[in-house]
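Enquirer: Residue-level listing of the chains:
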Amino acid sequence: MNAPNKPETMRPASHTRPLAAVNDFVVKFANVNGSGSASANELFAKAILRMGVPVSPRNIFPSNIQGLPTWYEVRVSEKGWLGRRGGVDMMVAMNPQTWDRDLKEIEPGGYLFYDSSKFVPHEKLRDDVNVIGMPLTEICNATYADSRERQLMKNILYLGALSVLLGIDAAAIEQLFGEQYKGKERLLDSNVKALHLGRDYANECLEPVGLRIERRDAVGDRIFMEGNSAAALGAVYGGATVCAWYPITPSSSVAEAFARWCQKFRTDKATGQAKHAIVQAEDELASIGMVVGAGWNGARAFTATSGPGVSLMTEFIGLAYFAEIPVTIVNVQRGGPSTGMPTRTQQADILACAYASHGDTKHVLLFPEDPTECFEHTAAALDLADRLQTPVFVMTDLDIGMNTRLCRPMKWDDSRRYDRGKVMTAAELEAGRDFGRYLDVDGDGIPFRTYPGTHPRRGAYFTRGTTRNAYAKYSEAGPDYVYNMERLLKKFDTAKALVPQPVVRKSPRRTQLGAIYFGSTSPAMDEALEVLEEHGENLDTMRVRAFPFPDSVREFIEAHDAVFVVEQNRDAQFKTLLVNELQVDPQRLVSVLHYDGTPITARFIIGRITAAVSGTRGGAIGARRRGGALGGE
Amino acid sequence: MTYIAKPRLHHPTLQRNQVGYTRRDYEGAISTLCAGCGHDSISAAIVQACFELDIEPHRVAKLSGIGCSSKTPDYFLGNSHGFNSVHGRMPSVLTGANLANRELLYLGVSGDGDSASIGMGQFAHVMRRGVNMVYIVENNGVYGLTKGQFSATADAGSKSKRGVVNMDAPIDMVSIALQLGATYVGRSFSGDKAQLVPLIKGAIEHGGAAFIDVISPCVAFNNHPGSTKSYDYVREHNEAVNRIDFIETRAEITTGYAPGAVVDVQQHDGTWLRLRKIHDDYDATDRIAAMNYIARHQARGEVVTGLLFVDPEPHDLHAHLNTVATPFNALGEADLCPGAAALEALNRSMR
Chain B
5 MNAPNKPETM RPASHTRPLA AVNDFVVKFA NVNGSGSASA NELFAKAILR
55 MGVPVSPRNI FPSNIQGLPT WYEVRVSEKG WLGRRGGVDM MVAMNPQTWD
105 RDLKEIEPGG YLFYDSSKFV PHEKLRDDVN VIGMPLTEIC NATYADSRER
155 QLMKNILYLG ALSVLLGIDA AAIEQLFGEQ YKGKERLLDS NVKALHLGRD
205 YANECLEPVG LRIERRDAVG DRIFMEGNSA AALGAVYGGA TVCAWYPITP
255 SSSVAEAFAR WCQKFRTDKA TGQAKHAIVQ AEDELASIGM VVGAGWNGAR
305 AFTATSGPGV SLMTEFIGLA YFAEIPVTIV NVQRGGPSTG MPTRTQQADI
355 LACAYASHGD TKHVLLFPED PTECFEHTAA ALDLADRLQT PVFVMTDLDI
405 GMNTRLCRPM KWDDSRRYDR GKVMTAAELE AGRDFGRYLD VDGDGIPFRT
455 YPGTHPRRGA YFTRGTTRNA YAKYSEAGPD YVYNMERLLK KFDTAKALVP
505 QPVVRKSPRR TQLGAIYFGS TSPAMDEALE VLEEHGENLD TMRVRAFPFP
555 DSVREFIEAH DAVFVVEQNR DAQFKTLLVN ELQVDPQRLV SVLHYDGTPI
605 TARFIIGRIT AAVSGTRGGA IGARRRGGAL GGE
Chain D
100 MTYIAKPRLH HPTLQRNQVG YTRRDYEGAI STLCAGCGHD SISAAIVQAC
150 FELDIEPHRV AKLSGIGCSS KTPDYFLGNS HGFNSVHGRM PSVLTGANLA
200 NRELLYLGVS GDGDSASIGM GQFAHVMRRG VNMVYIVENN GVYGLTKGQF
250 SATADAGSKS KRGVVNMDAP IDMVSIALQL GATYVGRSFS GDKAQLVPLI
300 KGAIEHGGAA FIDVISPCVA FNNHPGSTKS YDYVREHNEA VNRIDFIETR
350 AEITTGYAPG AVVDVQQHDG TWLRLRKIHD DYDATDRIAA MNYIARHQAR
400 GEVVTGLLFV DPEPHDLHAH LNTVATPFNA LGEADLCPGA AALEALNRSM
450 R
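Each protein sequence line maps, in turn, to chains B and D.
Here our numbering is used: the first residue of the first sequence is 5, the next is one more, and so on.
Here our numbering is used: the first residue of the second sequence is 100, the next is one more, and so on.
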């Protein structure tokens, strides 16, 4: 195969020991958007999973349909670390546009796999990287007549070659093909053939590499799922019947998945009639308006959106807060502000959601850490919204929402009943029970409501965004207004005990250092903690799962000299919320902020925490330990 | 305080309708609008239509946006739930409410500022979705609550109270509703109860997206010479295409009128609309012809009123979505939750 003007098929790195690892490395695929690589790459990840070895893949994609660069990064980790590691051990470089930057990312001693059909000059390669060339285009052009097939099968060919190089079982891939192309024998057959074409080439012409997959039993009963799909399933299980939405990356697949789940679970088999309604609205103002209307009328309703959508929805969110209407909003956060980074991840809508809308408002936020919690929190949000008669946000993000993540299996208790909150019935009204729509009858700040159409002569009221008295009559009287605003605060206080409580992990050794984190930071944080502990740095941690903050959050902060607040935005929004709501000493809180649009890594957290505690390098905590003032970042 | 409860004194001889309610049971709080406001006449027409149709007040949900017109749902149907939402967004709230419980009657009340300016988008989309509702725009060409600014329905060349001439082209709500697929479209005048009440009754029984544009003069800011939305102007330029008799009987009716002068249209629920033609060349079941007619006559400065278009077999959003007959807000766990076993099977499929 080696033509004289091509680099050799295999060229080892000079003066650098080739990387060697078993079940612990990162493979990154650099592809062109729209080339059909996504499904081959996903097969790669799934095949490793089928061999019992945990993987965490991540899509890094542009806001574009065809032709721009896209990447798929697979971290293989027998230990089960699911965060991004940082660095790449093997680059599958299929995109000439990004060749230079892709090449730079490879760790010294790492591997470059590329299509050697075209000549690549020596200076375009790196001496400290092992080069593996395979003439994919040549083989495909010689094998297939159809141009689309030539393109698509290139992906399967490299999958075949990689499976040989890394020791992935052909049987595992063939089994996945079988599941994917069930009933489509022709497609199944051609894919299996292409796989073996790739494998045969690799067996004949390529040398084994130092990175190996070995069969283990480290996956257990965990499932492999996307957060958006899980959130949509949570909405189905939680009893949502109305979904109104407007397409926006990265949340569109929530509504699309809801449609698929409803087709499966909510469609009457005999009549074909739907026990749900999905409306693609004209904009986010209309989508939230429909959710408000449905919630007011007693149906469980939700919308899914992202930052720009939340900005548009804020007037309605204020109405729902003040008029006390159940609303569930799944906010799949992306990079802001403005259009920002639509296809990158951030946790940068914390303050915009916590205090959305003009006037004095506060909203309930839930922070799922993974797809399983997206399922649980979305179902819980529908209960909480009804119980509290207020908007509830499920604050997920692109990293959780649009990547397939290994996570706990979902569970449902069949004895669980929907909490429809305080709804006065026709019988209660008929019996003469006093109904004041905004009257605090139980001392928890939560009033009773009635559904429209309940009783012929009692229980009707006028819902408005203007001020009113406890019986829903228009009033601009100061005492009426203050009563209502104080009651809303009391209701928010009631929420503290109802929302998912924080998860605390005590360090094995006593420590005065703590860390608070939330949402998609979990996997990176878990890994960082173990490494820090190995290096003798101990931290107690608290994963906060909701706002309003339960009292235990303040207690955790006050029990430590310094608490790192790890978040994925520039302005330390979560820290601001902690300081603002808990009146804790801001000097105790030290921010660790990651906001370049990629998911936070353990390496980053370790680096920041290590620098902060290191006295010799003048870190903030070190300075404090030496008796100086502790400065936040 | 702009809320004043009406004393609930029922005269023993007050007539009751077939569901046992008097006309007073359909009233609301005392209006806080200006004396002589056209909007109060529309509220009265709604009260009369609901009373005469024997509609139980609590089976109506009344929704509005923001503005003088949007305040009126407080002034009628006091036994109905009401929702005074945000400016220009009543249509989306109504759509969601309608999805949650298809069994109630949804009455949307809005104004020209609320629907033609800030809410133009939602107005357009609620019409094209065919939401089953009665949507009334109380159209006075002016912003009343903020004291007299032009709205988007003000005619080019019309003059404000302060003498400013509007140069912008007007939005004609009726033409837009027709173009966007509303299946019942009418225009009336708040001063013409004989025309307005049957028009509202027909809309209530319609079963699809029913839109009525009611010219409703603003006595405070738009009732002067030079305005095209004043009582005098509308009276002088009102070109009714038909008069409507609304007939509740579901049985076949026989007409005593000469053929051509009367058209009987049976709506999907069996009720009849008898249209007494005033203009022989007007066909209220031909959407495109209606749009042509309205455009031609408006160009001459006429205000075309009457039942302008009706599709006797309308579809609504629930039909488009093929939803179950049970209201969503009455479905429970058994209908909605697939359960633990189904979830376990899903878990297995994701390994």
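Keep in mind that the hints were calculated from the coordinates and are not lab data.
It is possible that some hints are incorrect.
Here are the in silico distance ranges between beta carbons for each label pair [what the hints assert, rightly or not]: (1) D:A255 x B:P341: 51 to 57 Å; (2) B:G38 x D:H419: 47 to 53 Å; (3) B:Q277 x D:D344: 50 to 56 Å; (4) B:E585 x D:P411: 55 to 61 Å; (5) B:I69 x D:A255: 40 to 46 Å; (6) D:R158 x B:D575: 31 to 37 Å; (7) B:V507 x D:E432: 24 to 30 Å; (8) D:R447 x B:T515: 53 to 59 Å.
Once the Cα atoms are required to be at most 20 Å apart in a straight line, the calculated EDC-like pairs of lysine to aspartate or glutamate come out as [claimed, not checked]: (9) D:K292 x D:D254; (10) B:K415 x B:D446; (11) B:K415 x D:D434; (12) B:K197 x B:E183; (13) D:K376 x D:D415; (14) B:K83 x B:E432; (15) B:K366 x B:E183; (16) B:K279 x D:D434; (17) B:K279 x D:D267; (18) B:K268 x D:E432; (19) B:K415 x D:E443; (20) B:K279 x D:E401; (21) B:K122 x B:D104; (22) B:K273 x D:E338; (23) B:K426 x D:E432; (24) B:K273 x D:E401.
We put the CB at the ideal spot given by N, CA and C, even for glycine.
Enquirer: Against each hint, give a clear statement of whether it holds in the structure.
Expert: Structure-based check of each hint:
1. D:A255 x B:P341: 51 to 57 Å: violated (40 Å)
2. B:G38 x D:H419: 47 to 53 Å: violated (33 Å)
3. B:Q277 x D:D344: 50 to 56 Å: violated (37 Å)
4. B:E585 x D:P411: 55 to 61 Å: Since E585 of chain B and P411 of chain D have Cβ atoms about 59 Å apart, the given range 55 to 61 Å holds.
5. B:I69 x D:A255: 40 to 46 Å: holds (43 Å)
6. D:R158 x B:D575: 31 to 37 Å: violated (51 Å)
7. B:V507 x D:E432: 24 to 30 Å: Given about 28 Å between the Cβ atoms, the range holds.
8. D:R447 x B:T515: 53 to 59 Å: Violated: the Cβ-Cβ distance is about 41 Å, outside 53 to 59 Å.
9. D:K292 x D:D254: violated (24 Å)
10. B:K415 x B:D446: violated (33 Å)
11. B:K415 x D:D434: Answer holds: K415 of chain B to D434 of chain D is near 19 Å, not above 20 Å.
12. B:K197 x B:E183: holds (16 Å)
13. D:K376 x D:D415: Not OK: K376 of chain D and D415 of chain D at ~28 Å, beyond 20 Å, violated.
14. B:K83 x B:E432: The given pair, whose Cα atoms are some 57 Å apart, is violated under the 20 Å limit.
15. B:K366 x B:E183: violated (47 Å)
16. B:K279 x D:D434: holds (8 Å)
17. B:K279 x D:D267: Status violated; Cα separation ~46 Å.
18. B:K268 x D:E432: holds (16 Å)
19. B:K415 x D:E443: holds (7 Å)
20. B:K279 x D:E401: Outside the cut-off at roughly 48 Å; violated.
21. B:K122 x B:D104: With a Cα-Cα distance of about 16 Å, the restraint between K122 of chain B and D104 of chain B holds, given a limit of 20 Å.
22. B:K273 x D:E338: violated (53 Å)
23. B:K426 x D:E432: Holds. K426 of chain B to E432 of chain D sits at ~18 Å (cutoff 20 Å).
24. B:K273 x D:E401: Roughly 54 Å between the alpha carbons, so the hint for K273 of chain B and E401 of chain D is violated.
The earlier numbered hints that this structure contradicts are 1, 2, 3, 6, 8, 9, 10, 13, 14, 15, 17, 20, 22, 24.
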